[in-house]
Structure formats: structure tokens, C-alpha cells
Amino acid sequence: MAMATATDLPTIESKGFIHRNRMKIAPWLFLAPAIIMFLIYVILPIFQSMSISFYEWDGLSDPVFVGVANYIELLDDELFYTSLKNNILWLVLYMLAVPAGLFIALFLNQNVWGIRLYKSMFFFPFVISQVVVGLVFSWFYDPTNGILALIYGIFGGTAPAILADERYVTYGIIAAGLWPQIAYCMILYLTGLNNVSPDQVEAGRLDGARGWKMLWYVVLPQLRPATFIAVVVTVIGALRSFDLVSIMTSGGPYGSSNVLAYYMYETALSEYGYRMGYGAAIAVVLFLIMMVYISFFLYRMYRQEVEEG
Amino acid sequence: MKFTIKSAVLGSAAWALASTAFAGELVINYDGSDPAPKAAFTKVIADFEAANPDIKVKWNLFDHEGYKTSIRNFLTAEAPDVAAWYAGNRMKPFVDAGLFEDVSDVWESAGYNETLAASAPSMTIDGKKWGVPYTYYQWGVYYRKDIFKDLGIEVPQNWEQFLAACAKLKENDIAPITIGTKFLWTAAGVFDYLNLRTNGYEFHNDLTAGKVKYTDPKVQAVFDKWDELIEPGYFIKNHATYSWQEALAPMVQGKAAMYVMGNFAVAPLKKAGLTDETLGYFQFPEITPGLPKAEEAPTDTFHIPAKAKNKEDARKFLAFLAQADVQTEWNETLGQLPVNSKSQVADDQFLKAGFEVLNNAKGIAQFYDRDAPAAMAKAGMEGFQEYMINPDRRQKILERLDKVAKRVYKK
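Residue numbers (my numbering), protein chains in the order written: chain A, 1 to 309; chain B, 310 to 720.
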């Protein structure tokens, strides 16, 4: 027996490192394609952008190292502050999509004949492309032939040129962006409402909860996961508000509707741009702002897993 | 910018085609994707091949907007033998980066130094010629002949007459000048003309070369003239909402009477119903009495990339494309003006007028956004737009432009 174990041992060992550790290696093997892709297309470019932001580079000639000069210039750049201010406006006003989506979802969450059709019609703006949304709203705002001009005309007024007036332009674009975003939040809440337990609603009703109280103390707490996702997608949607700005105003008039994402594109890649270093510096700032939310999101996920696990 | 995705796809497709070149073949990248430029260029290529039977031309057609991005890729990676581009400061980044070939020898051997003399300055950097021009077009004031006639307005020759015409139109509830500044450059056209007429050609060059400040009294004088148009409300309302094409509509409808524009506006205006009887052209009126008049005439060009494989045949093509007869025929189809002074101009009242104006010009400016470096042009044009909406911010805008200029021109 002793002989046997002695001869058996080397055979187990001879099965090698991979065999012994396969339980540890297997998950990494399965994760590898995703990790490699993520490293190449997400992580690496982040560090590349950071390093480019220390150079002055037009994309053609050799880059020149300028240290933090690009960041110093940012501090003194009116357009950068306008973009930053607009980004904050976007973040704040875009949040309206969450309660608005919730109320539409509550309204549509009933069993009436044809409700599926109504639901899909409310969901429609999220399905069409942002480019189309932008074009539709630009026509809507057109101060001579748009619907807005017609409405003003009925009351004997003259419509403001929303997209040509620095005071209104950002609000005009955010309103256009809210249309599909509300639909998105609505669909999140509609699925969430399916999981609201009827027992608890019933119990609440027996205890005398009605209307707002019912919503606040019984329904909303059960919708917490949906609310969380709705807030996250809305924040991300607000921060990458690029397509609408590009389609509706190209950042104008004179840069007053710029947001960081578009300003970055404009300085780095547009016809009058090709200042790669400066664009990269803007990208880094945008990344840092996003990082705040990403960290919060990751922390929440982690907490949840710890609680549940 | 709307066309970025489409053009990126077109661009890369054409690029893939370009990479399969072989000896004896001349690869040309061209950005005239509209029907007229395409037809005209097809004919030019056919004529070139007939004149040079041993050369097989292979040309890649690019979308006009997308080309501006594509050229940066193909010049550094897989270069064609000949590439279309623009004169003036627009070609400077490529010349500075060593991506264009010096073609002064072609100018010498083809006699271009005489026949293309007017365009020579805009093709020269560091005393060398970097390309060959093939077409340009005049700018000026396009106006409604019938409205002018109805109101008894004569074609204005000087600034006082121009202001009087504007006042008269305004009295009759017609917007004197239409413009669409959404994409900014139209405002630069107005600025350039006010500047060329107030301060002259040299000052335009000094300003776009960064030799004078924007807060200079001479620039202030330009804005004083501009004030005289803006304060009484001579431009259409809400111009920042419109593209240049959208701003054509009021003119066609008779709600506006004039447009400071390039000759390319004639085709869409005629398509929309205006005729030679209702649409006219006049040279931008005199402001400073006795100052020689310079004009805007953006020039389109062809260049040989430094990394081209078949430079010998490329030189033959450049020597061919600016010949008098080739340019005559080419520009007749294009509806533009030949650059060669020995060429004939098409039988069209606008082209004839433009040819006359440009031949007597003191100098030819390329346009604000082609003469000034890109970063300066962008800031400048945004400033012009902001000023047109908020004329009271003039001083702040000019100070900001000085700040941008300090950074842009420091090298």
C-alpha cells in the first residue's frame, strides 16, 4: 500500500499545473476574451488619452510635449466653462426623466383594451434614432415655419428662435433629449411594476394607505432597483449628450450650447480642430466627472452583493 | 458634419480601392461628388487618357465633407498620386508636415508662372509652389433685380448708396440682406468684404497672418461699418437658425433682396425659380474711396502627395489640368471660373461678371477660413456670429480673439 501511494503521487503530480489548478484557471480562461477586449478598447485608450493630453499634436506632425499647458489653458477658456455649465444643466434637468417616466408608467400600468398599443406608442421615441429626434425638434423650433411658431402665432406672439438664442438653446436641446429619455425610464418602471407584490399593496390598503402614501411607502420602496437603474442610465445619457448637440446646433450659436463631449470632438476632430492634446485634456476632465458616478455605481453594486451574498 | 458616418464609409471604401494601384497607373483622389463636378472631371480624365495613351487613370470619388477627414489618413498611410485640396492656409498643415510635393518645376515647364500668375501667391509657401489650381468662383452681392426695379433702386456703387438701398428696402418691409449663420462661414464672408473694402488686401493678409491685433483701430473701423448694417436691422431675423441654403428661401419668396455669397448660390436660386431677369450680381460696393478693390475667390487645387508612387505621371497630369483649353471646358461644366488667364469663360451673365471683376481685382483672397489658420478661423467666425446677434459685445469679442490669436500664432 505504501508502495502504491508512493507511485500514485507522482502520477497525480504529472497531471501538471493546469490540471491541479483548473478550478482556478477555468473562470479566467472564460473571462479572457472579454478582459483582453476591455483592456485594448477601453482601459488602454483611457491611459493613451491621458498621455496625449500632455502633448501638443495636430495628428500629422510630431507631437510636442507641453506638460500641463493644455490644462492651464482649459482654466482660462470661456468655451470650456460654458460646456461645463451646460453639462451640469443637462445632469440636473435630465433627472426629470425619472419622475416623469415613473408617472407615465403608473398611468399605463392598467388593464384596459389596447393598452399594449398605448405602451408601445409611448415607448416609440426611444426606438427612433437620436438623430431623427434632433431633426424633428429642430423643425419644431424653426422660428418661421415650425409648430412652435404656429402656436405662438395663434396667440398673436412671435416665437423666439430657440436654437439661435444663447438663453434658450440648451434648454431646447435638453427638452428634445428628455422625450426619448422619459420613454426609457418609463419602460424600466413598467417592468419594475410587474414585480411589485400584490400582497403588500393589499396589506397597505387594509392599513389605510392611499394615493401618495401608497406610492411613497409601499410601491416606491419596491421599485428601488428600477429607480437605481433609471438614475444611472439618465446620468450617463446626460453626460454623453453628443448627438443631439451635433445635429441641432453643432454647439452654436457661438459655442453657447456646447457640452464637454461635443467640445472635445470639435477641438480634436472637426474641420477647424485637430488639436489632439487639448481635446484629450477635455476628455480627461469629462472622464473624471463620469468617474464620480461610476465609482458610486460600483460601490452600490459591491454593497448589494455583500448584503445578498 | 451630418455626413460624417456616411462619408467615413465612403472614404474607407474608396481608400481600399486606392490601395490596389500598380505601375503605369495614376491614382487620383477627388472630392467633387456632386453631379456637375463629377461629370466635368470624368471628361477631363478621358481627355487626359486620350492625350497620354500609356497612362491608365484610376480615380476615387469622395464625399465632399468626408474628404476633409479622409485626406489626413490617406496622405500619411496609402497616398494616391494626385489629390484634390484647397489653396492658401488650408494646404499649409500638409506642406509643413512634409506631405505635399514641391511642384515648382511643373509651374516652370508648363508656363504656369505666366498663365496662372494671379493664383501664384495662394499656391506659394516658402517660395515654392505646392499644387496647381483648376477652378475658382467669385463672391459678391446677389440681388433681386425685379425688387430693385420696382422700388426704383439703382445698383449701389459705394457705401452710402448701399445703405440707402437697404433703408429703402426696409421701409418697404423687405429684409435688405439675407444670411444664414448657423455654420458660421457666411458671417466671415461679410466680414472679409467689409475688411477688404475698408482696409484693403494687405490688411486682410496681415490680419489672417496674425500680424495685427483684432483690437486694432482698423479692425474697429470694420465693425463700425458692420454696425451700420446691424443696428437698423438690415439682416434677416434669426439668421443663426439657418444654414446658407435655408437662407436662400426668403430671397426666392421676395422677402429679402440681397445675399453676400459665392457664385455657387446661383444654381440653387435658379432651381428655386429665379431667372436671369429676376436675379442679378454686383460687386461689393466701395467703402474707402479710391482703395483698390480686392475680391474673395476661393480656389480649388490639385497636389502631389509626398508619398505618391507614380510622381512622374502625376506631374504630367498637373501640367495638363491647368492648360487653357482644358480649363475652359472643365469650368463650363462646373459653372465656375477658369484660373488660366488664357481660358474662355462660359456664356453666363454671372460668370462673365465674375470673370471681369476678378481680372481687375487688386488681389484675390481665399476666404477668412482658408487664409487664417483653422483654430483662429473657428474662434473668429464664432465671434462674428456672436457679434451679429449681440453687437454690444464687440469689445469683449475682439479681446477674446486677441487672446486666441496669441496662442495660435505663437509658433
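To be clear, the hints were calculated from the coordinates, so they are not data collected in a lab.
Using N, Cα and C, we set each Cβ at its ideal position, and we do this for glycine too.
Some hints here could point you the wrong way.
The calculated DSSO-like cross-link candidates involving lysine-lysine, where the alpha carbons are at most 27 Å apart (straight line), are [stated by the list, open to error]:
(1) B:564 x B:352
(2) B:661 x B:401
(3) A:85 x B:618
(4) B:520 x B:546
(5) B:625 x B:401
(6) A:85 x B:712
(7) B:401 x A:85
(8) B:458 x B:661
(9) B:534 x B:352
FRET-style restraints, in silico, Cβ to Cβ [unchecked claim]:
(10) B:515 x A:73: 42 to 50 Å
(11) B:437 x A:38: 45 to 53 Å
(12) A:132 x B:367: 31 to 39 Å
(13) B:344 x A:38: 42 to 50 Å
(14) B:347 x A:132: 55 to 63 Å
(15) B:360 x A:290: 56 to 64 Å
Some chain A residues judged to face chain B by a derived CB distance under 10 Å, without partners named [said to hold, decoys possible]:
(16) 79
(17) 125
(18) 163
(19) 166
(20) 191
(21) 254
(22) 304
(23) 307
What hint numbers does the structure not satisfy? 1, 2, 3, 4, 7, 9, 10, 14, 17, 20, 22, 23
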